[in-house]
Amino acid sequence: MTYIAKPKFAHPSLQPNAVGYTRRDYEGRVSTLCAGCGHDSISAAIVQACFELDLEPHRLAKLSGIGCSSKTPDYFLGASHGFNTVHGRMPSVLTGANLANRSLVYLGVSGDGDSASIGLGQFAHSIRRGVNMTYIVENNGVYGLTKGQFSATSDKGSKSKKGVVNHDSAIDMVSLALQLGATFVARSFSGDKTQLVPLIKAALRHKGAAFIDTISPCIAFNNHAGSTKSFDWVREHNEAVNRLDVMIGRSPITAEYSEGSTIQVEQHDGTVLTLRKLAADYDPTDRVRAMGFLQERAAAGEVVTGLLYVDPEAEDLHDALGTTSTPLNELNTADLTPGSAALSDINASLR
Amino acid sequence: MEPTNIESPDYFHKVVDCQWACPAHTPVPEYIRMIAQGRYADAYMVNWKSNVFPGILGRTCDRPCEPACRRGRVEDEPVAICRLKRAAADNKGELNGRMPTPNTNWNGKTVACVGAGPASLTVARDLAPLGYRVVIYDREHKGGGMIRSQIPRFRLPEEVIDEEVGYITALGPELVLNQEVTSLQGMLAEPYDAIFVGTGAPRGRDLDVPGRAEAAANIHVGIDWLSSVSFGHVEKICRRVIVLGGGNTAMDCCRTSRRLGGDDVKVIVRSGFDEMKASPWEKEDAMHEGIPIFNFLVPRSVTHEAGQLTGVWFEKVAWQTGEDGRRALKPTGEPDQHFECDDVLVAIGQENSFPWIEREVLDFDKWGMPVVGETTFQSSNPKVFFGGDSAFGPKNIIWAVAHGHEAAVSIDLYCRGQDVTLRPPPGVTLASQKMGIHEWSYDNDISLDERRKVPLMETTLALSSIKNEVELGFDEHLAYAETQRCLNCDVQTVFSVPACIECDACVDICPTDCITFTANGEEPDLRTRLKAPAINFTQDLYVSGALPTGRVMVKDEDVCLHCGLCAERCPTGAWDMQKFLLNTTQAGGCR
Chain A
1 MTYIAKPKFA
11 HPSLQPNAVG
21 YTRRDYEGRV
31 STLCAGCGHD
41 SISAAIVQAC
51 FELDLEPHRL
61 AKLSGIGCSS
71 KTPDYFLGAS
81 HGFNTVHGRM
91 PSVLTGANLA
101 NRSLVYLGVS
111 GDGDSASIGL
121 GQFAHSIRRG
131 VNMTYIVENN
141 GVYGLTKGQF
151 SATSDKGSKS
161 KKGVVNHDSA
171 IDMVSLALQL
181 GATFVARSFS
191 GDKTQLVPLI
201 KAALRHKGAA
211 FIDTISPCIA
221 FNNHAGSTKS
231 FDWVREHNEA
241 VNRLDVMIGR
251 SPITAEYSEG
261 STIQVEQHDG
271 TVLTLRKLAA
281 DYDPTDRVRA
291 MGFLQERAAA
301 GEVVTGLLYV
311 DPEAEDLHDA
321 LGTTSTPLNE
331 LNTADLTPGS
341 AALSDINASL
351 R
Chain B
1 MEPTNIESPD
11 YFHKVVDCQW
21 ACPAHTPVPE
31 YIRMIAQGRY
41 ADAYMVNWKS
51 NVFPGILGRT
61 CDRPCEPACR
71 RGRVEDEPVA
81 ICRLKRAAAD
91 NKGELNGRMP
101 TPNTNWNGKT
111 VACVGAGPAS
121 LTVARDLAPL
131 GYRVVIYDRE
141 HKGGGMIRSQ
151 IPRFRLPEEV
161 IDEEVGYITA
171 LGPELVLNQE
181 VTSLQGMLAE
191 PYDAIFVGTG
201 APRGRDLDVP
211 GRAEAAANIH
221 VGIDWLSSVS
231 FGHVEKICRR
241 VIVLGGGNTA
251 MDCCRTSRRL
261 GGDDVKVIVR
271 SGFDEMKASP
281 WEKEDAMHEG
291 IPIFNFLVPR
301 SVTHEAGQLT
311 GVWFEKVAWQ
321 TGEDGRRALK
331 PTGEPDQHFE
341 CDDVLVAIGQ
351 ENSFPWIERE
361 VLDFDKWGMP
371 VVGETTFQSS
381 NPKVFFGGDS
391 AFGPKNIIWA
401 VAHGHEAAVS
411 IDLYCRGQDV
421 TLRPPPGVTL
431 ASQKMGIHEW
441 SYDNDISLDE
451 RRKVPLMETT
461 LALSSIKNEV
471 ELGFDEHLAY
481 AETQRCLNCD
491 VQTVFSVPAC
501 IECDACVDIC
511 PTDCITFTAN
521 GEEPDLRTRL
531 KAPAINFTQD
541 LYVSGALPTG
551 RVMVKDEDVC
561 LHCGLCAERC
571 PTGAWDMQKF
581 LLNTTQAGGC
591 R
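Keeping their order, the protein sequence lines are chains A and B. Sequential numbering from 1 applies to the first sequence in the working numbering. Sequential numbering from 1 applies to the second sequence in the working numbering.
Read the hints as simulated data drawn from the structure, not as lab findings. Incorrect hints may appear among the rest.
What the hints assert, rightly or not - If you anchor each label on the Cβ, the simulated ranges turn out as follows:
hint, chain 1, residue 1, chain 2, residue 2, range
1, A, His237, B, Ile6, 29 to 39 Å
2, A, His237, B, Gly521, 26 to 36 Å
3, A, Pro12, B, Asp336, 44 to 54 Å
4, A, Asp54, B, Pro548, 30 to 40 Å
5, A, Glu315, B, Glu75, 48 to 58 Å
6, A, Glu266, B, Gly436, 48 to 58 Å
Glycine is no exception: its CB is placed at the ideal position from the N, C-alpha and C atoms.
Can you make the complete structure from the sequences, with help from the hints?
Below you can see the structure in the form of structure tokens.
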């Protein structure tokens with residue numbers, strides 16, 4: 001961390017986006033995390049993604065729980081709505097907010113402790129209900145705020161900084177999300193923004209529950225030999241299945257790809273996801289095969305990254321509940337109390 | 001690209017833009033920090049060692065450092081470096097033994113300096129403490145040269161000149177004043193071991209138009225007239241004055257006229273306003289004193305009645321591209337314009353003049369300039385050295401000082417029988433400024449303040465006497481505030497490949513997007529692939545060796561704020577902030 005806020009001066013080539021903000025306008029306050037923390041890189045990736053998506057900061061709500069990861073919403077999108085909730089309870093607060101005001105873009109930021117231990121149930125239910133959100137887990141495999149004990153995502157057999165071997169099985173949040181019905185599932189790495197930024201962009205434009213498990217090395221407690229969440233380990237075992245380009249609207253496709261090397265997926269809002277295949281025959285629209293592939297590669301000791309599954313036709317919780325398309329704060333008295341005639345109609349329909 | 005060789009003194013020197021741009025390579029950020037700490041005398045000595053005339057230059061320097069200042073690339077205005085130098089001189093108080101003392105052990109060598117201007121005085125200052133006997137000749141009755149004769153007192157008070165010339169004469173050189181040297185041959189016959197020529201560019205270019213001779217009584221050559229004013233021979237000028245020319249001498253002429261009775265003073269210049277040679281601030285100062293500047297007007301003839309000047313006719317011109325594709329000033333065809341006036345001052349350029357040097361003694365080129373070594377300042381006669389305006393034509397005081405230092409190095413080498421082409425390398429130190437976790441020996445919090453203006457004397461009072469110094473200088477509060485705008489470019493970002501774990505923390509925190517980790521490539525390609533494009537080709541890229549992922553670290557030095565946040569965010573100390581201090585080696589410094 002530093003004590004000094006990032007100076008306001010910027011590179012002279014810094015340009016505003018379509019809604020008039022520069023990338024610097026999407027930053028937040030000075031980070032209090034340890035120097036080199038992977039979480040700060042994820043914050044920078046979120047800043048970059050929101051800038052590139054031309055998101056107006058006040059149209060986004062960021063919610064988090066407790067922990068190193070959950071502190072980070074203070075360090076990005078300083079002009080957006082924010083709610084730093086109770087430990088493990090971010091998903092239900094987010095669900096409530098989403099139901100009340102469906103016009104905002106929802107970003108949940110959590111950690112492996114917040115989502116895989118105390119908040120595992122909350123995580124599971126928000127995913128299976130299909131809340132329209134982007135759920136990012138900043139996964140470092142340790143409890144950084146309490147001096148580096150193993151978390152629930154630490155791999156069995158990996159070592160702590162002091163050399164203790166973990167004998168508990170790890171929770172794989174990606175497999176969980178797939179099994180629970182998430183309609184957008186990805187895994188990435190804080191040390192690879194060229195992969196991470198397009199994934200965040202695609203997730204923010206996805207309708208439904210979008211989940212990104214982001215491995216984020218803990219410099220202070222989990223970046224040593226014997227760790228499976230260190231920079232070196234992840235770089236050596238990273239098996240990216242695809243690379244993603246996100247096209248918004250009708251922007252022309254400038255890159256050229258050889259035939260059969262790409263898959264194009266168009267999401268609900270017209271966003272075109274162009275996936276350059278890195279693993280032959282990997283189909284990111286096949287949930288069952290994706291689950292099998294993940295198990296197989298995990299058994300081989302590899303860390304699979306990329307856009308692992310997407311359902312472009314996904315529906316969300318509002319569709320399931322048939323809620324009004326108007327945010328609740330925009331409903332006026334006439335909408336909410338339609339009068340005795342409307343009541344009579346309803347009663348008549350039930351007779 | 002090959003990894004950057006940061007061991008070469010030039011690499012980090014170039015990053016300190018101000019110091020690199022200064023002909024004398026004054027370590028600017030070093031003395032600005034001293035001013036911030038209230039160590040004015042120390043700041044003065046850093047300057048004095050390097051540029052010899054801090055109080056004089058702090059008022060009159062052409063400031064090559066300021067257009068180079070990195071601050072000017074991240075916001076509108078550079079740091080007011082020049083006026084901070086003056087603040088150090090104004091507030092220095094007692095120097096308490098910081099000055100060198102005269103050397104009483106004569107080394108047996110005697111050096112003659114012709115002219116007592118800034119170049120010769122610098123040679124004397126560098127050589128006298130080494131034991132040389134230095135004899136300085138000048139035709140005027142006081143030392144200082146053009147500093148004393150051509151710069152008007154309202155910009156540079158006489159006490160400042162006396163003080164700073166005095167520091168040099170206190171070191172023991174002999175001044176032979178009121179004596180014009182008329183023959184170099186004669187000088188060479190004297191028992192001098194070396195002769196330094198620092199006679200400046202003493203001849204003002206004259207106007208050659210019809211009517212010039214008839215109205216001669218009211219047409220004056222600018223630098224001669226300024227000199228007459230400086231030495232008290234001229235105390236008045238007529239009411240309506242036209243100054244011809246667009247350089248700094250023209251600005252001094254018009255502003256001096258305003259103080260000697262001219263209340264309708266105009267500057268009329270041949271080129272466009274923007275192409276005038278005068279420094280922008282000097283133009284501003286003239287206009288602030290109610291002097292209009294007319295451009296694109298070429299003098300055609302002088303009108304007069306009964307030997308009395310009445311005005312000047314001008315032809316209107318404009319930039320036009322000729323058939324050869326070159327831009328030239330061509331007549332527009334509009335009718336000529338007449339300006340009435342009572343006096344004309346001609347400030348259209350200066351020339352060198354060496355009537356006293358016999359051509360058989362040393363070689364001259366076809367332009368009538370002596371053939372002088374660019375780094376050695378030695379002429380074709382190995383015993384004779386040149387410096388200042390007399391070496392390569394009219395420049396500024398700071399150039400004369402820089403020449404003087406180099407010539408003194410050459411003279412010292414020559415007198416000791418060594419090769420003058422083997423130049424001593426600069427003295428360089430590079431040391432970490434880390435004091436603790438997130439604590440540095442310099443103030444790395446970046447001030448967002450805008451440049452402070454130097455307070456001026458109220459105009460009516462300023463114009464009432466030529467001796468009233470118009471600029472009041474920064475007081476201590478203003479000077480402190482201005483020092484905080486300095487980005488400390490001498491505190492360098494030094495990168496260590498073995499320590500780097502490629503976590504991206506530095507990339508994320510850098511406010512000006514200077515740092516990129518990417519695949520290596522050729523420079524033109526690399527410049528386009530960085531986090532922010534490196535479009536300033538005068539600024540280097542700092543490229544590391546290959547990292548474990550096969551990528552390299554590339555840092556564009558262009559708009560680095562030297563805020564040290566990369567080093568504060570680095571978990572492994574791969575970035576360190578290290579102070580680069582370069583002192584050019586002066587005579588006797590590298591034996």
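Cross-check of the supplied hints:
For the hinted restraint 29 to 39 Å between A/His237 and B/Ile6, the CB-CB distance of approximately 35 Å keeps it satisfied. Roughly 28 Å separates the CB atoms of A/His237 and B/Gly521, a value that falls within the hinted 26 to 36 Å. Distance hint for A/Pro12 and B/Asp336: a CB-CB separation of about 46 Å, consistent with the stated range 44 to 54 Å. Taken as a hint, the range 30 to 40 Å holds for the pair A/Asp54 and B/Pro548, whose Cβ atoms sit roughly 36 Å apart.
A/Glu315 and B/Glu75 have their C-beta atoms about 51 Å apart, which keeps the hinted 48 to 58 Å range intact. Checking the proposed 48 to 58 Å range against A/Glu266 and B/Gly436 shows it holds: the Cβ atoms sit about 55 Å from each other.
In the structure shown, no violation is registered for any of the earlier numbered hints.
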